[in-house]
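Chains as they are written, first to last, in this note's numbering: chain Y, 1 to 345; chain D, 1 to 345; chain L, 1 to 345; chain U, 1 to 345.
A few of these clues could be false.
Partial list, computed: chain L residues near chain Y (C-beta under 10 angstroms) [what the hints assert, rightly or not]:
#: 1; residue: Tyr13
#: 2; residue: Arg189
#: 3; residue: Glu196
#: 4; residue: Val197
#: 5; residue: Gln218
#: 6; residue: Gln221
#: 7; residue: Thr224
#: 8; residue: Arg241
If you're looking for bench data, these hints aren't it; they were derived computationally from the structure. Heads up, the beta-carbon is just placed ideally off N, CA and C, and yes, glycines get one too.
Number of protein chains: 4
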Amino acid sequence: MAIRIAVAGASGYAGGEVLRLLLGHPAYADGRLEIGALTAGGNAGSTLGEHHPHLLPLAERVLEDTSAATLAGHDVIFLGLPHGHSAALAAELPESIVIIDCGADFRLRNAQDWESFYGSPHAGAWPYGLPELPGARESLQGATRIAVPGCYPTATSLALAPAIASGIVTPAVTIVAVTGASGAGRSLRTDLLGSEVMGSVRAYGVGGVHRHTPEIRQNLQSLTVEDVSVSFTPVLAPMARGILATCVAPTTVDDTEARAVYEKAYADEPFVHLLPPGRLPQTSAVLGSNAVHLSVHVDSAAGTLVVVSAIDNLTKGTAGGAVQSMNIALGLPETAGLSTVGVAP
Amino acid sequence: MAIRIAVAGASGYAGGEVLRLLLGHPAYADGRLEIGALTAGGNAGSTLGEHHPHLLPLAERVLEDTSAATLAGHDVIFLGLPHGHSAALAAELPESIVIIDCGADFRLRNAQDWESFYGSPHAGAWPYGLPELPGARESLQGATRIAVPGCYPTATSLALAPAIASGIVTPAVTIVAVTGASGAGRSLRTDLLGSEVMGSVRAYGVGGVHRHTPEIRQNLQSLTVEDVSVSFTPVLAPMARGILATCVAPTTVDDTEARAVYEKAYADEPFVHLLPPGRLPQTSAVLGSNAVHLSVHVDSAAGTLVVVSAIDNLTKGTAGGAVQSMNIALGLPETAGLSTVGVAP
Amino acid sequence: MAIRIAVAGASGYAGGEVLRLLLGHPAYADGRLEIGALTAGGNAGSTLGEHHPHLLPLAERVLEDTSAATLAGHDVIFLGLPHGHSAALAAELPESIVIIDCGADFRLRNAQDWESFYGSPHAGAWPYGLPELPGARESLQGATRIAVPGCYPTATSLALAPAIASGIVTPAVTIVAVTGASGAGRSLRTDLLGSEVMGSVRAYGVGGVHRHTPEIRQNLQSLTVEDVSVSFTPVLAPMARGILATCVAPTTVDDTEARAVYEKAYADEPFVHLLPPGRLPQTSAVLGSNAVHLSVHVDSAAGTLVVVSAIDNLTKGTAGGAVQSMNIALGLPETAGLSTVGVAP
Amino acid sequence: MAIRIAVAGASGYAGGEVLRLLLGHPAYADGRLEIGALTAGGNAGSTLGEHHPHLLPLAERVLEDTSAATLAGHDVIFLGLPHGHSAALAAELPESIVIIDCGADFRLRNAQDWESFYGSPHAGAWPYGLPELPGARESLQGATRIAVPGCYPTATSLALAPAIASGIVTPAVTIVAVTGASGAGRSLRTDLLGSEVMGSVRAYGVGGVHRHTPEIRQNLQSLTVEDVSVSFTPVLAPMARGILATCVAPTTVDDTEARAVYEKAYADEPFVHLLPPGRLPQTSAVLGSNAVHLSVHVDSAAGTLVVVSAIDNLTKGTAGGAVQSMNIALGLPETAGLSTVGVAP
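The shape of chain Y in the complex, shown without the other chains:
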């Protein structure tokens, strides 16, 4: 019998990207996966084609209300909802349904971090959908509740994890990550208008106040007994998709040693790719793919390790990570429906 999948928040960017990936999933092509209810908030009643004209095979589907009633009866539910909406909804749904939350509600294990950055009661923590982190893949096998990581935490944790875990850096990291506008979601904000975004780069959430900061710290702290500090600055660039993260930490090792640590850490990872020496990540190379491109450098004059990573924030950074986690949870091949081939130029 086919696995029935619902997507809540289907008119948003995360929901749309989950659907794009499911439409290309081999288990969808052969009927083992079915796309069931597509739900929305204010957009309920309209067709999917009005919001995502690129999803042509589903264009005529009518969006239903996001509610436990419309979502029950599925085997897997992807949630692409504003922060704070997942907990109540999940509580109304049977434990047996695999719920994969693209939102933040269940990412942080520390209640105080949650409350200080999100300003609401902590709902708890679910298995964390970043299989490449030590121990994470195992926790996802058979899981029925999964918290998909934030896009910045995905790009930066994978860039820094080998260095932190191996102890080749002092874990006082400085991160500046440049992202495209889709990272802010399909929100009606003046500062996200095309006229404001095009031809301009700007910082936001400067000074440690971005909500992904504690999540990055949590990921890195889990790899070392030393105290981790994270100075994180997100930057918005004029493009729709992509994250390029520059991650810097003090080191005393040389290029060869640093590279060896990364080669070993990611040798068997299907989606994490260490570029050959002399090549540098660019977001266009991973657009639409689940790949993570990394380059590793030692700046011996400054005494720093510099790791640059590129991901597609909507694919590996959100919906791709979600589908990868679903594959693991359901026992499907981890890479099914996910590609390392980007769309460029």
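Position chains D, L and U relative to chain Y; hints supplied.
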């Protein structure tokens, strides 16, 4: 035994897009298609990854010289070469090899048109790889020489063919088509630099001098006994991919009648999609896909039919059309490896 | 005594651009112009710097409510308000104040056109702020009510006026004009979000329904006794500023004759520049300037005249035209504070 | 008698921007400045309009060869040449001519730094055209040789100077600066093509190898006796102009103290603007202007000071800094011809 495919001009945009599509082709996934020689001109000797970092599975492949020697021994050869290079190369290769030319050399049937627009002797005409044109699909079945249409002729011929063929317009058409920078290829020209292209729109080839003009006229003229005239203006917009063509011709019919003509013409076409009334094409909706989105309008005050079409110039406009033609020529399912799902936003 | 200027709608794009130009006006530099009240609707109470950080010298100014009370007591008032708001406001203000309306309310002379395209009662027509149209400059001298043309009517009327007035074309014109996102104003619409606009081109208002259509027709009809028809299609491109208009009409003249008509028509116009043969307009060349770049072509095979024009929609297309009209109305040098130098690349 | 100015390298981006600013200089408007020879290398013999259509008043000027013969006889010469060409040319020109070099040749005082980063013999050091650095303004008064700073050193030195000079940070700084494509000049490189740049962000010169690294370190080291270390990563974003620099250093002070240091340092600087609390720099706000926008933050959890700066790389980062230096050298008002008003959106 697997079908072995070579790509000549693999470091260019057309060659790269052919490879992207082949990597996602189901016959490649199950071993019935193999990717053989990848060749280049000046870039021979370098790896594919240096030019197309998005084609990760082929990144280590070394580019060979483009020559009959390196290309012989394959079953299918895609040519992504500068205009004028295909004829000599094809003449050296056995008739039994399926050669699919993404260049212009064999598109025009009229020698005088060729000579006047390209300034060199006419090499002849091959079966034309636009299956949606009346009669074209049949001519591609079993063909071993195929001329892939130009990107503008694809976008505009499909937009206008039903109207011309049905006689609902006077065939004096005015076309303004906006394209992304990849349409000019990976050419080192100052006017294609990012600093020149971004934040600016400009016309080029104005006044009937663009080389795609006679090809559009040829396609449309094949559909009517009336004399066709084409006023075609291409416009460059700040994006990498996509064509949006606005096609206008005098008409006396109304919206309903015009729409009916298009619904009938494309009812069974897997890649041509007439948008519902009230929705308009946008290039992002077809990015990376083989889909053609159309909208049909009658401006009764001006007495004109206006058809707007959107394609991805590198996919349906080049490499997608090429793979679609290959599928037909080889007897594979026409849609194999080609999607109607775009990558957006 | 200094001329005191108020700007209503100062937090929008039109208002911001008026202020940018006034800050660079020589009469502002030497104190003959003063910038008085800056007003807004919902943004009243905030500082200008929150909305226009590029207007540094005025960053601390607090926006007042848009009302007759705050605007009275000025010598000149620029209105950058949503359509339909200017008439009531103007009625409350003394006839002696020079009111320059960047909105549409007083552009159309034909009440039926207004009602059919705007769906509200016609407020009347004011002198039309396109000095380069025959007769317009004279009507602006000493005027105290001025209707600034729409951005598309500016770009297209100047492109076509000499051809229509001289009779070298049949006045059945087809126009496709590509614009940047600021043309839609600072409106919170999903389809104007950066993620939607970047990497995509789309048509809108297709089929003669765009509100600038009757205004273009009115301008062209005033130049000929023949019946004018206008097929107008606007296209949105991924840039903030600029309009590139391709204007096509049947002709029997040749290139030389067509060019001579344009050279004569614009010989003395300070802002309209006919490019030398072989050069084509690009919007970056006019960015931030009040210049209009034109190229003129005859496509003899198609029997059409093709005129391409480029303007900055916010400068010559809105605020520059407004300041130019103010200069004429007040008896200042027409070019004061306006440049033919763009900001590029 | 008028001051005669020549621009060598007039067809490049730096030369074009110098000319744009000179055309708006009040001393040009009233005849005290004259624009004399415009010279180029390979582009000699063509008109300026072919390269810079935005500089309409100079469009018909024919470019001469770059040589001592064509440049002699001017009072001021701006050099916008490839690195390594200024020294030989300057040696052939009289000491009395004010030569303002937009290239790198005379920026570094340390010969070993020069040789290790540029691979050629050190030509020496000229007065450094960053008037806002302590002591620099004085050294420019009456100077006849001026080295214009690099764009990154301008953006980052001004961001960090007050913190380093006041001792509120440990001078181990981490900088990630995002720039537009014009920073690479008008160079025919595949990786600068529009198709490669648009829709993508990439790092380059990672690991301390970018040539601006020793210049940044030189500027900061001049402010403290402590050893300065600089980890600098440049990032290319899809826009033509602008730099946004994120500069991070360890600190123990709080927000209030840090802000006070910057308020004091820049209280009298006409071009450096500390944004009010809660506002962050964006490059569009400084586009085409000579302004530097700064924001200052303390991340107390990470123990870091984060300063974000925005400049236009071609204006304040190159040609604006050059004109500002010329003004000082000639005894003109320092701000003449330079604006703090950007062109936005």
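Hints versus structure:
no.	hint	result
1	Tyr13	7 angstroms, holds
2	Arg189	8 angstroms, holds
3	Glu196	7 angstroms, holds
4	Val197	3 angstroms, holds
5	Gln218	28 angstroms, violated
6	Gln221	33 angstroms, violated
7	Thr224	36 angstroms, violated
8	Arg241	8 angstroms, holds
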